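Colleague: Order-wise, the sequence lines are chains R and P. Taken in order, the first sequence gives residues 1 to 292; the numbers are from UniProt numbering. Taken in order, the second sequence gives residues 1 to 607; the numbers are from UniProt numbering.
These aren't lab readings, by the way, just hints derived from the structure by calculation. Be aware that a few hints might be false.
[As the list claims (entries may be wrong)] In silico SDA-like cross-links for lysine to any residue, where the CA-CA straight-line distance does not exceed 25 Å:
1. P/Lys403 - R/Pro63
2. R/Lys60 - P/Asp266
3. P/Lys403 - R/Trp256
4. P/Lys428 - P/Arg463
5. P/Lys107 - P/Gln271
6. R/Lys60 - P/Gln406
7. P/Lys403 - R/Ser75
8. P/Lys403 - R/Leu201
9. P/Lys403 - R/Ser253
10. P/Lys107 - P/Arg152
11. R/Lys60 - P/Glu238
12. P/Lys133 - P/Ala457
13. P/Lys107 - P/Val195
14. P/Lys245 - P/Ser535
15. P/Lys509 - P/Pro340
16. R/Lys60 - P/Lys403
17. R/Lys60 - P/Gln271
Being a predicted model, the structure only gives us computed values, none of them experimental.
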Amino acid sequence: MSEATARRRGALARFWRDYRAQRAGLYGAAILAAAVLAALVTPLVTDPAGLDVTRATGEKMAPPSPEFPLGTDESGRSILLTILWGSRVSLLIGFLSALLSMVIGTVVGITAGHFRGWPSAVLMRITDWFLVLPSLVLALVLAAILGGGTSTIVLAIGVTSWASTARLIRAQTLAVEARPYVERSRVLGGGHWHVMTRHVLPNVAPLVLANTTLTVASAIVTESTLAFLGADSGQASWGSMLRGSYDWGAVTSGAWWYVLPPGLCIVAVVLAFTLCGRALEAVLNPRLRGVS
Amino acid sequence: MTRLGARLAALGLALSLAALPATSAQAQVLREPAEGKRIVRLGAIQAIDSMNPFLAVRVVSTSVHRWMYAYLTTPDSKTLAPSPDLAESWETSADKLTWTFKIRDTKWSDGAPVTAHDAAWTLNKIMTDDGAKTANGPAVENFASVTASDDRTLVITTRKPQASMLELPIPIMPRHVWEKVGDIAGFEAEQYPAVGNGPYIAVEHKKNAYVKLKANPGYWRGAPKIDELHVIFYENPEAANVGLKKGDIDWIGRLAGPHFEALAGDPDIVQWNTQGRRASYLQLNPGAATADGEEIGDGHPALKDPKVRQAIHHAIDKQALVEQVQNGLAVPADGSIVPPMYKDFFWQAEGDVRVAFDPARANEILDDAGYRKGADGIRTMPDGNRKLEMRFSIHTEDPVEDKLAQFLTGWLKDIGIGLTTRKLDSNKFTEETGSTALYDIAISGWSVNPDPEEVFATHLCSRRPTAAGEGGGTESFYCDEEYERLYQAQLVELDRAKRAELIRRMQQKLYTDAPVIALYYPNNLEGYRSDRITSITPIPEDKGILYGGSGYWPVYSLQAVATPAGPAAGGSSAGAVIGIVAGAVVVLGAGGYLLARRRRAAADDRE
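Chain P extracted, bound-state conformation (with noise of 0.2 Å):
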């Protein structure tokens, strides 16, 4: 509801409310000594949900956890493969249900070593308690056992083979602090200095406001070259982008392209335009069914046709769709789901299996297809029973989804296809789209991680809602035998390269068979002041990520220039000032106008 709020105080009627508590908060962090100190300010349009990584879900949660621990391995700076990180090397047994892990042997922030019996105790805890499974549950699955068979050697095994092995999004924890803890669930982790081993420590978290980290002196790669590193939380661009051109933080990421393109023109700031990690994508309702293969929703018989949605896919311009709706800071997507970021996974439409721009191409498909025209120029099925009349769903307070719906409006008429938008709020939209399958086409989109497997899995037959209605993850009521034997193949297959090739058939299914149409990958859009932040790497270091991507290397690649001295600018007065002002007079004025009301009914009642 951030855009919601964003209008509402342009309209005058929050500015009271929704001043005040951030900047005082913000200010503080501002107001400490700071001299002589090297400190990066990173803005989060976003706050951290849980400082315990068993629970933690958001972006900017997890992200912090990748600076404070290790994991067992991390994304190859340049390949985005995986590297060693806590562990050394590893080996899998001939049967590939057993893996080897050889531990680093490295110290925690409190002196304590590292061993194997920490990373076996972590992944245990999430195998075993619930409480623990909230953040990184279904990783853990497929395990048989994790055992540490001395202080340096890790071995688990697997009930089926796991391609994913290498890429487990999992912290591990220090036992030695952590087994204290009782209910895992409940446990907010707020003791600071939190006792870590990555780059950088947490010592302190102001709910809502900020989150402060240290270098860790003792990180085994090195200290980072900065001292200090704070996370600052805002509760909407527009503040944050502010922010950023006073000074008060160094940098901003995940923008969206009118912000991003809002810091144009100051000297001071980089404007970081680089390839991103997310594919948007539209919905067409192939037919939806249950898990158990049982009818549901209203999708639009005529999208069961593969011909029809092929004919959909002819009638979008997606390079219109990058100008017009993302402000060119897109790529069109002549691929599937997976983003152009990810060479080793990504796949691209070549020759006749291309589905180009081309109208005339799509009338053509329709007509054959038996699909009439009617006097108003809208098509009706085969047997003449119903017209080709669909809705488009998509989110409320979305401009950009509001445009695309505009383009595709108007490209759906021209091959005879009527289409009306359904805007829905954020909870109807998932149940709609994502149990219940009310829909015929809608908007969607996935941040696809390094190791896609997860992307893949939301079109799995599995995936479609039990047949008591509860929502399995599926991003399109998909279901196609190929399809499944495909990716069950990838799930055991060990060898990156022939994985690959397994990953990109699946895309080129999806592709043809258009259970899902890829419109374009929106780009990675993040902005920084060269005055403060000198030297920063992407995440791969060829046109890469900063802030939201996999890996710390951004964060412990950062070199800054120290504070000098003197005082802070206090502009956070001003802003207060003027809410209270601001509220007041709305007071007044709501006050002044229920007066006159009052007087007016009492009036009334009289005669």
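The following block holds chain R by itself, in its conformation from the complex (with noise of 0.2 Å):
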């Protein structure tokens, strides 16, 4: 066993340790684990079918019985259904915005602080336009522009919401460039692409783990917005759940069982993620340890 593997083995577990340690990061990890488990085994275990308006079987908007734990929507169709395939939508978006997000965030934050001068100011300006741009109604945009689509919806929350983890890396760069030792590479003949990559992206890595994790949440909570407000990716997500709850008026005919699951599944996935998030920031980021 080398060294390197050794050294990253112990990091390992101390991470674990200390994340352990964080009791409210436990409960946010158990429940995102439990929420992925039935989003990966969903396919494996019901039928897609009951999704199709033209087969559903059930009454419209009947309440809870044992053929439909979770009651029918304004079609007949099982709400329990619903929420599971929508839970493959909604979590599914909600990473891969989070995902390029930070993708974005990261190389205009690593760049804009790596590169002095105009070229940060230019990439700041830009980042600046962006975080005070109303995010929401620029993705409602983006996406009535280019059309439903799980893909068009990830860009359009994607695209607006990489400019706070920009800043936050650009902060976190020029602190670690002012570090000794990357001088000491640039003076060993060390270009641009190695500084920042082998010295930068490092050392902000952790800082970009945590702030994804937070950005997850945003996302889930940005598609169900957007999902809520008619722009949709055409497939059953929660917020377009909440969305028909609405259209079809569940709450004026006390159908609280269209309202409430989608929601509290919301809830609960947006809660899980910001405890990860919290847990994981103050394990990972050197001026939180020890603040918990």
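With the hints as a guide, dock the two chains, each given alone in a separate frame, to form the complex.
Modeller: Next up, the structure:
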């Protein structure tokens, strides 16, 4: 076993020890694991034909019963089945758009932190511009112009939510580049690429990870909001279920089983991501270490 | 975007923004002393675009103008066939090119006599002044000349015979008032009381808030039985519904299904559910081309085959759509684009022609035509080049179209056609389905007038876009020789029965060729307070429309109880308070959030 592997293993063990100390983070991770597991198992144990309105067997807006544990929607489809299949779309869009937002934010942040002067100024002005734009409205317009579909929703959320990540990463990059060993590396002939990928990136990576986890939470909320406002991916998601319940008057007809489950699912998953993100931040961010 | 607005309100975001201006203006109408007057307040989910009839195009504006000014003819209250209004009688020459109208001897509301010169001036103005063409330009396109040979005789000559001559949608204006106007296109006609000769006279208009009309005591049929008619504009249907329930207004027309159903259970509200004048249909891209015959767009090649279009027609269960998508508030379409309300022109498919819901038959047609199913259940073109994967274009913000798309996707899957839904905002939708032809299947609909000429014109070859891509108003990119021939024939056929027969044959052509597939005819849904409105006659009288139909019969027939003495309830101030509080909370919250961010950002910058 090489020395590097041993060091990494040691770091991982230390990380896990620190993370375990964050009890809220553990709860969050447990909820997340359950949600992801449910999303992965759903296609193996249920039949998507139940989502097809032309094959719905239930009554319209029927209350919970043994056959439909969470009742039915306006077309007689099982709410439970829609929740399960919707979790796949909500989680997928949440993860992918957070990933996209993270990639854009990290690239812009490191570039702007590394190249001082006008490239930094230009990139930061663009970042500021995205920061002050009302991102929900922009995402709504983007989704409307690009047309429906999972990829366009991912794009719409990713493109509008990277700005604060970029700001954060740039600040960390500035701090890292001020350290003496980076200067040493430069003197020894390390180029821009070498410094950015070998020295800066590993040092900002923990922050990126923690930030991404938090971004997933807000991405899921944004996806639900967009779907509620009418810009959805065309597949059932928790947000589109909420919209359906509003459009078809579930509240006025007292169909709580149509409104509560998707709402609670969103709350649970978003809370879980936030708890995990905060715990990760507490473990990985040197400035927060010891504060919990 | 009203639906988006409604959802935003539901989110609590727009509360402080939307609530204030509307309520304060409407409160003003309510506060005025009204004791002893018989007033009817109509809520409209639309505001007047212009009080100048040469410019106005919205339903609410043209309706109000119908009540303010007489037209040459008006649809009969029973049959909807043209009947005398300002014109007492008329005759046509043997060559069908000259029309002579005898103008009724009546007075304008300022006392001046109404003459044939008024009518001649109005029609000539539209023919000669481009600014006056905005609202009704196409109606006079075929006119060669319009003259008044004396005070009572109006003579119109046309280049070609014109069957729709007795259904001109043009109000006749008082020449002595309007000839002083220099620039018609820029004239807003905000002078009150307006000079008119209809059953009502406009006395006040506050933009985006309301218009007030008083009964015209000198109206030639006799003054209406109420004193005043107020039309109050609402921004969204929920607010109008609440207004009706609270008694702020007495009547709303043109409701959507969910809002109509929300009125159930109130003993004082009459839910008016009758046949409508609209047809909802699918457009199937039949191989779009420009008016010059050059192919445009990216429609699926399989849709050029009438058999595929027919198979799709067989796969649609219209009865299920009515029940599931329209909550039963529509009539399944066994015909084409003219709804059954227009008995004279309506055509219904019968016998072998009728395309019933029959997925097995649809599969058989496609199998026989060589579209083979693949392992994934999706068919391919007979040459094997392309799968039958199609797009369905609908509007964003429309739950009804959304639900329809879910059903269509399911049914087409059963016959081996894959369907993905594309949601487009209305501008892009109009562009892609009307001029650039970037669609396979799209949703559409048309509110048909008593004279259905316009809706049939939307399927003519000449309505397809120009080579430059300018839209000509086609609803289908259809171009068929026999259809063109029938259209030209009905245009010059002045015998109503013979013309109706030609029009029915055009519908049969559209039905069997299926460039459009009619789905259902949505009902006309309205609500009014029976404790205020004691009597109202729809048009047509048998199960007809109250607001937004043709003619002035319903508002002319209105009878209402007098407003009792006592202060009007002031519910709107509570709304304003809630709005202000919500606004303050939003501002404070946003400020706090920004402040917190600012602190955090500063900490990040430090290290």
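Colleague: Indicate, hint by hint, whether the structure satisfies it.
Modeller: Do the hints match the structure? See the list:
{"no.": "1", "hint": "P/Lys403 - R/Pro63", "in the structure": "holds, 21 Å"}
{"no.": "2", "hint": "R/Lys60 - P/Asp266", "in the structure": "holds, 24 Å"}
{"no.": "3", "hint": "P/Lys403 - R/Trp256", "in the structure": "holds, 21 Å"}
{"no.": "4", "hint": "P/Lys428 - P/Arg463", "in the structure": "holds, 19 Å"}
{"no.": "5", "hint": "P/Lys107 - P/Gln271", "in the structure": "violated, 38 Å"}
{"no.": "6", "hint": "R/Lys60 - P/Gln406", "in the structure": "holds, 16 Å"}
{"no.": "7", "hint": "P/Lys403 - R/Ser75", "in the structure": "holds, 9 Å"}
{"no.": "8", "hint": "P/Lys403 - R/Leu201", "in the structure": "violated, 48 Å"}
{"no.": "9", "hint": "P/Lys403 - R/Ser253", "in the structure": "holds, 19 Å"}
{"no.": "10", "hint": "P/Lys107 - P/Arg152", "in the structure": "holds, 13 Å"}
{"no.": "11", "hint": "R/Lys60 - P/Glu238", "in the structure": "holds, 23 Å"}
{"no.": "12", "hint": "P/Lys133 - P/Ala457", "in the structure": "holds, 19 Å"}
{"no.": "13", "hint": "P/Lys107 - P/Val195", "in the structure": "holds, 10 Å"}
{"no.": "14", "hint": "P/Lys245 - P/Ser535", "in the structure": "holds, 19 Å"}
{"no.": "15", "hint": "P/Lys509 - P/Pro340", "in the structure": "holds, 17 Å"}
{"no.": "16", "hint": "R/Lys60 - P/Lys403", "in the structure": "holds, 14 Å"}
{"no.": "17", "hint": "R/Lys60 - P/Gln271", "in the structure": "holds, 23 Å"}
Hints 5, 8, counting from the list given before, are not met by this structure.
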